[in-house]
Amino acid sequence: MNEPRIRIVLIEDDPQIRRFLVAALEIHGYEPHEAATAAEGLRLVTARQPDMVIVDLGLPDLSGLDLIRRLREWYPRPILVLSARTREQDKVAALDSGADDYLTKPFGIEELLARLRVAARHLAGQRTGDASGRIEAGALLIDITARRVQVRGADVHLTPREYQLLLVLAGQRGKVLTHRQLLREVWGPAHVESPHYLRIYMRALRTKIEDDPAQPRWLLTEIGVGYRFADE
Amino acid sequence: MAVERTPARPDPDELLQRVQREARAAARGRLKVFFGACAGVGKTYAMLEAARKQRAAGTDVVIGYVEPHGRIETEVLLTGLERLPTQQLVHRGITLAEFDLDAALRRKPRLLLVDELAHSNPPGTRHAKRWQDVRELLEAGIDVFTTVNVQHLESANDIVARITGTQVRETVPDSLLEDADEVELIDLPPDDLLERLREGKIYLPDQADRAQAAFFRKGNLIALRQLALRATADRVDAAMREYRERHAIAETWAAGERVLVCIGPDALSERLVRRARRLASALHAEWLAAYVETPGLQRLPQAARDRVLRTLKLAESLGAQTSNLSGETVADELLYLARQRNVSKIIVGKPVRSHLFDRLRPSLVDALIRDSGDIDILVVTSEPGAPVTALPRLPKRSSRHPAYLKGLAAVALATLICAGLFRILGLTNLVMIYLLAVVWVAARYGRGPSVLAAVVGVGLFDFLFVEPYFSFAVSDTQYLLTFAVMLTVGLLISNLTAQGRRGASVARHRERRMRELNALSSELSRERSREQLVRVLCQHILEAVGGRATVLLPDTGGHLLDPSLFCTRGRVPPPGQTRFPVPGNDLGIAQWAYDHQRRAGLGTDTLASADAVYLPLKALQRCIGVLALRPREPRQLEVPEQMHLLDAMVNQAAVAIERVELAEAARSASIEIESERLRNALLSAISHDFRTPLATIIGAATTLLSGPPGDIDEKHRRTLLQSLLGEAERLHRLAGNLLDLSRLDAERPALKRDWLAIDELIGAALAQLRGVLGVRVARVELAPELPLFPGDEILIGQLLINLIENAAKHTPSGSPIEVAAHADADWLHVTVRDRGPGLPVGEEQHIFEKFQRGHAEGAQSGFGLGLTIARAIVGAHGGQIAARQREGGGAEFEFTLPLHRAERPADE
Numbered sequence: 001m002n003e004p005r006i007r008i009v010l011i012e013d014d015p016q017i018r019r020f021l022v023a024a025l026e027i028h029g030y031e032p033h034e035a036a037t038a039a040e041g042l043r044l045v046t047a048r049q050p051d052m053v054i055v056d057l058g059l060p061d062l063s064g065l066d067l068i069r070r071l072r073e074w075y076p077r078p079i080l081v082l083s084a085r086t087r088e089q090d091k092v093a094a095l096d097s098g099a100d101d102y103l104t105k106p107f108g109i110e111e112l113l114a115r116l117r118v119a120a121r122h123l124a125g126q127r128t129g130d131a132s133g134r135i136e137a138g139a140l141l142i143d144i145t146a147r148r149v150q151v152r153g154a155d156v157h158l159t160p161r162e163y164q165l166l167l168v169l170a171g172q173r174g175k176v177l178t179h180r181q182l183l184r185e186v187w188g189p190a191h192v193e194s195p196h197y198l199r200i201y202m203r204a205l206r207t208k209i210e211d212d213p214a215q216p217r218w219l220l221t222e223i224g225v226g227y228r229f230a231d232e
Numbered sequence: 001m002a003v004e005r006t007p008a009r010p011d012p013d014e015l016l017q018r019v020q021r022e023a024r025a026a027a028r029g030r031l032k033v034f035f036g037a038c039a040g041v042g043k044t045y046a047m048l049e050a051a052r053k054q055r056a057a058g059t060d061v062v063i064g065y066v067e068p069h070g071r072i073e074t075e076v077l078l079t080g081l082e083r084l085p086t087q088q089l090v091h092r093g094i095t096l097a098e099f100d101l102d103a104a105l106r107r108k109p110r111l112l113l114v115d116e117l118a119h120s121n122p123p124g125t126r127h128a129k130r131w132q133d134v135r136e137l138l139e140a141g142i143d144v145f146t147t148v149n150v151q152h153l154e155s156a157n158d159i160v161a162r163i164t165g166t167q168v169r170e171t172v173p174d175s176l177l178e179d180a181d182e183v184e185l186i187d188l189p190p191d192d193l194l195e196r197l198r199e200g201k202i203y204l205p206d207q208a209d210r211a212q213a214a215f216f217r218k219g220n221l222i223a224l225r226q227l228a229l230r231a232t233a234d235r236v237d238a239a240m241r242e243y244r245e246r247h248a249i250a251e252t253w254a255a256g257e258r259v260l261v262c263i264g265p266d267a268l269s270e271r272l273v274r275r276a277r278r279l280a281s282a283l284h285a286e287w288l289a290a291y292v293e294t295p296g297l298q299r300l301p302q303a304a305r306d307r308v309l310r311t312l313k314l315a316e317s318l319g320a321q322t323s324n325l326s327g328e329t330v331a332d333e334l335l336y337l338a339r340q341r342n343v344s345k346i347i348v349g350k351p352v353r354s355h356l357f358d359r360l361r362p363s364l365v366d367a368l369i370r371d372s373g374d375i376d377i378l379v380v381t382s383e384p385g386a387p388v389t390a391l392p393r394l395p396k397r398s399s400r401h402p403a404y405l406k407g408l409a410a411v412a413l414a415t416l417i418c419a420g421l422f423r424i425l426g427l428t429n430l431v432m433i434y435l436l437a438v439v440w441v442a443a444r445y446g447r448g449p450s451v452l453a454a455v456v457g458v459g460l461f462d463f464l465f466v467e468p469y470f471s472f473a474v475s476d477t478q479y480l481l482t483f484a485v486m487l488t489v490g491l492l493i494s495n496l497t498a499q500g501r502r503g504a505s506v507a508r509h510r511e512r513r514m515r516e517l518n519a520l521s522s523e524l525s526r527e528r529s530r531e532q533l534v535r536v537l538c539q540h541i542l543e544a545v546g547g548r549a550t551v552l553l554p555d556t557g558g559h560l561l562d563p564s565l566f567c568t569r570g571r572v573p574p575p576g577q578t579r580f581p582v583p584g585n586d587l588g589i590a591q592w593a594y595d596h597q598r599r600a601g602l603g604t605d606t607l608a609s610a611d612a613v614y615l616p617l618k619a620l621q622r623c624i625g626v627l628a629l630r631p632r633e634p635r636q637l638e639v640p641e642q643m644h645l646l647d648a649m650v651n652q653a654a655v656a657i658e659r660v661e662l663a664e665a666a667r668s669a670s671i672e673i674e675s676e677r678l679r680n681a682l683l684s685a686i687s688h689d690f691r692t693p694l695a696t697i698i699g700a701a702t703t704l705l706s707g708p709p710g711d712i713d714e715k716h717r718r719t720l721l722q723s724l725l726g727e728a729e730r731l732h733r734l735a736g737n738l739l740d741l742s743r744l745d746a747e748r749p750a751l752k753r754d755w756l757a758i759d760e761l762i763g764a765a766l767a768q769l770r771g772v773l774g775v776r777v778a779r780v781e782l783a784p785e786l787p788l789f790p791g792d793e794i795l796i797g798q799l800l801i802n803l804i805e806n807a808a809k810h811t812p813s814g815s816p817i818e819v820a821a822h823a824d825a826d827w828l829h830v831t832v833r834d835r836g837p838g839l840p841v842g843e844e845q846h847i848f849e850k851f852q853r854g855h856a857e858g859a860q861s862g863f864g865l866g867l868t869i870a871r872a873i874v875g876a877h878g879g880q881i882a883a884r885q886r887e888g889g890g891a892e893f894e895f896t897l898p899l900h901r902a903e904r905p906a907d908e
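Taken in order, these protein sequences are the chains called A and B.
If you count by this note's numbering, then the first sequence holds residues 1 to 232, one letter each, in order.
If you count by this note's numbering, then the second sequence holds residues 1 to 908, one letter each, in order.
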């Protein structure tokens with residue numbers, strides 16, 4: 001562990017969860033700083049300039065959404081949201097207002113670590129494959145410069161929209177993208193309320209690149225939230 | 001089950017009535033009537049004395065109104081008693097001091113004295129008559145002392161008029177006296193009364209002499225006294241009877257008598273009604289008054305029709321049930337009604353025969369007597385010398401001349417045809433052509449023209465076509481037969497046609513009524529909300545009478561609200577757009593109608609000056625609201641038939657509204673019971689299902705923490721940690737399920753509908769369940785080109801997760817699970833199949849119910865809520881779910897979801 005430890009500010013009001021998260025994060029080589037309220041969290045983020053922030057959506061003094069919006073005014077790095085099951089809408093809203101990913105409580109530490117790894121990667125080189133001009137995920141290869149997609153070496157013909165959709169997802173590999181985000185990126189801001197486009201294109205895309213479209217390997221559905229390109 | 005009936009057992013209906021009466025009486029004030037034969041017997045004096053006694057006993061006594069007549073004795077008695085101020089009303093330039101009903105209701109004493117029950121209130125007061133004020137006071141729970149003379153009794157009215165020669169206009173319904181809790185007869189022998197009169201102790205208004213002459217004759221006084229005594233005796237008799245019934249002393253049970261009186265359009269009818277009333281009360285019988293409108297009577301002048309309506313109203317006020325029938329003959333309709341209602345006596349007036357023609361026809365009495373069977377017929381004569389207005393002759397239907405002319409034209413045409421065919425046809429056939437003409441005229445224009453056609457036709461035929469031509473020869477007498485036949489045929493045909501026409505018109509009338517009621521009731525039965533029912537009622541009422549109608553509904557405190565629903569014919573504006581202009585005043589009338597469950601306003605005797613009638617919507621248990629109706633033609637309210645139709649419609653609607661409300665109440669009650677039961681089941685289930693994993697968690701955690709570090713070997717440590725995790729996950733699932741359930745249990749779960757693809761949801765569900773499925777193979781069979789369907793993504797995802805998890809939980813690990821989806825035109829079908837032990841036999845349907853587990857308590861705990869939730873989700877989407885044994889072993893769950901969102905458009 002020569003490189004500096006990743007600094008995380010954890011804003012969570014429940015002391016038990018805080019205790020467990022701090023312990024888990026320390027065990028796995030992160031440097032956690034804890035805050036129990038949004039105000040304290042904001043102060044801590046300003047003071048520590050962390051590499052990423054974990055925010056619980058149910059804070060006592062400020063709604064998690066407002067906190068994210070305030071953070072996003074000046075804080076560009078990854079924000080990970082923790083939410084309870086009753087707050088599906090909040091979750092999507094948090095993602096739409098700038099959070100990078102979410103975890104639903106309760107979660108296993110493996111899930112959290114996976115999300116943090118994705119976030120760290122994004123922190124390092126904003127978009128996967130930007131440097132090489134290619135994205136590789138197992139047997140799937142996206143050649144960005146050549147606008148070409150191959151599965152196990154065989155060319156797959158995609159329409160421009162399908163290609164763009166795949167590229168947006170794969171470009172932020174492992175990160176969940178909401179319906180609105182995808183629609184805005186692929187179809188433009190006028191179509192953010194038409195999620196059925198997305199479903200139809202997603203089905204087509206899966207049929208073309210997945211071995212078993214019903215149990216996809218790469219293009220994963222996050223029920224009620226959006227889609228995610230599988231991390232590994 | 002045969003009910004043995006001993007003679008001593010009181011009629012249950014009567015018992016019920018008594019119980020109801022007593023219950024009503026408990027809330028009502030008590031009425032004591034000081035009853036006398038005529039003015040001056042000392043009723044007011046006796047009343048005041050009684051009041052003073054009450055006062056001395058500590059009762060809260062207030063004088064509402066007493067006519068002091070300037071008598072010293074009375075004034076003395078008045079001192080020291082609280083007197084309600086009178087209200088001053090100006091009527092035709094004279095200031096009147098009137099009893100103030102509202103002040104009395106506000107003051108609400110225990111006992112209120114109101115003199116002169118029969119008094120008529122001037123316009124501008126709430127009720128037309130003081131007895132109505134008293135009735136309202138009683139209903140408000142105030143005891144009332146009042147006075148009345150026998151000549152004011154409705155049923156005695158005409159007798160008194162005959163005795164004394166003066167008609168008393170101010171009358172009180174007999175029922176008021178009958179229902180009084182106490183009647184005290186204030187009796188003074190005529191000689192003493194005359195003595196008092198001479199001494200000037202009796203106050204008589206302006207025309208003292210005339211009154212004395214006309215009224216205070218000894219003969220009159222004796223007769224009036226007799227009347228008063230008899231009326232009191234009747235009452236005592238009724239009280240005795242009731243006492244005997246109450247105490248089951250029943251040697252004599254009067255057979256249920258029922259009296260029917262037939263009303264005609266003549267002045268005699270009013271007397272008939274009074275006679276019937278007296279007879280009915282003497283027999284303690286119910287009575288009915290009926291008017292039969294025959295086609296002939298339909299042509300009566302307006303005045304006569306109005307008189308019929310007045311007579312019916314009188315009968316109603318005397319306690320009769322009235323019916324307005326229509327039919328071909330009076331006798332048939334009357335007897336039909338009589339048999340239907342078990343009438344034992346029919347009262348009819350002795351007919352006045354003025355025309356020869358009348359004498360030739362069997363009279364109503366004859367017809368009744370002929371067909372009455374075991375019903376007694378009482379024929380009442382008009383009193384000698386009594387003025388009997390003869391039935392006004394019916395004005396003929398418009399001018400009939402054109403009909404006669406057309407009849408003649410028909411004959412002329414026949415003549416022309418005959419002239420043309422004269423050479424070809426024999427005489428017999430020529431006659432046929434004339435006959436044809438007569439038949440046509442009879443069918444077309446009725447009796448008169450057909451007779452004319454027959455006469456002229458035979459004449460012409462004889463004159464023109466029978467030898468010797470152009471003359472009426474003696475030998476032609478044989479054509480008298482031809483004439484007779486033609487005439488008979490003409491009359492027959494015209495009568496038949498007329499009868500047919502009348503029958504049709506009567507039938508049409510009845511049919512219209514029935515149709516209106518039927519249409520209303522069928523429409524009412526379709527509606528499920530109070531607002532809709534009210535709207536339907538308004539529409540139908542307007543179709544029946546026209547004008548404007550609205551229904552005023554009460555708030556929870558029983559105050560009628562400004563109408564929010566308003567209808568005019570054929571159009572229902574959205575609520576709030578136009579309002580039926582019910583001024584504050586009229587809202588008061590409506591409130592009164594609601595509070596007293598009696599109609600008020602236009603055409604009634606309460607606040608008749610209003611321009612709308614207010615009909616309470618009386619249901620079985622309570623009053624639903626009030627219908628305010630401003631008819632286009634106020635006279636329509638006078639027609640009993642129209643009024644009955646309105647009543648029937650209003651009642652139907654009231655019952656329908658009550659039905660809806662009761663159903664609503666029953667539903668919410670049963671929901672409450674069900675949710676109570678569920679709450680209990682839930683609590684016990686929670687205590688069990690939460691404690692078990694918690695026990696493991698606490699146990700495992702304490703074990704891990706106990707002892708010196710390193711004491712627990714790695715293998716045990718892992719086992720303990722595994723069970724910690726497993727049990728925590730179990731709790732997590734439990735909490736999630738309870739959460740879903742509570743959300744779906746809401747009346748209308750808020751669905752967030754999107755267009756969904758079932759394939760990706762199946763994929764996502766399987767991905768989420770990877771841990772649960774373990775090494776199992778999950779096979780997905782999707783039909784190609786599955787359409788998108790509308791649904792709540794999270795819920796449908798949960799549905800799939802629950803079904804797949806359920807399959808995984810109940811089958812041995814390693815056995816395969818299959819998920820298949822296909823679609824038809826309207827539905828998406830999804831099946832989850834396993835190869836486990838299958839469903840418990842006979843439990844295929846119960847498996848979706850709350851707290852059911854597939855098998856008895858087993859290792860797989862967790863409430864069994866998963867399937868309940870699945871069913872709730874499918875239900876919320878308008879789909880179906882079923883479980884069945886799978887062929888070849890295992891279980892199969894199939895759900896369907898609609899592909900079109902037409903089902904519940906209100907969602908979102």
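To be clear, the hints were calculated from the coordinates, so they are not data collected in a lab.
Be careful, since some hints might not be right.
Covered by chain B, according to a simulated footprint, are these stretches of chain A (three or more residues, beta-carbon under 8 Å) [to be verified]:
hint, segment
1, 60–67
2, 139–148
3, 222–228
Part of the chain B face toward chain A, derived, beta carbon under 7 Å [what the hints assert, rightly or not]:
hint, residue
4, LEU421
5, LEU425
6, LEU427
7, ASP759
8, ILE794
9, ALA808
The beta carbon of each residue, even a glycine, is placed where N, CA and C say it ideally should be.
Any of the earlier hints contradicted here, and which numbers? Hint check: 1, 2, 4, 5, 6 and 9 fail, others pass.
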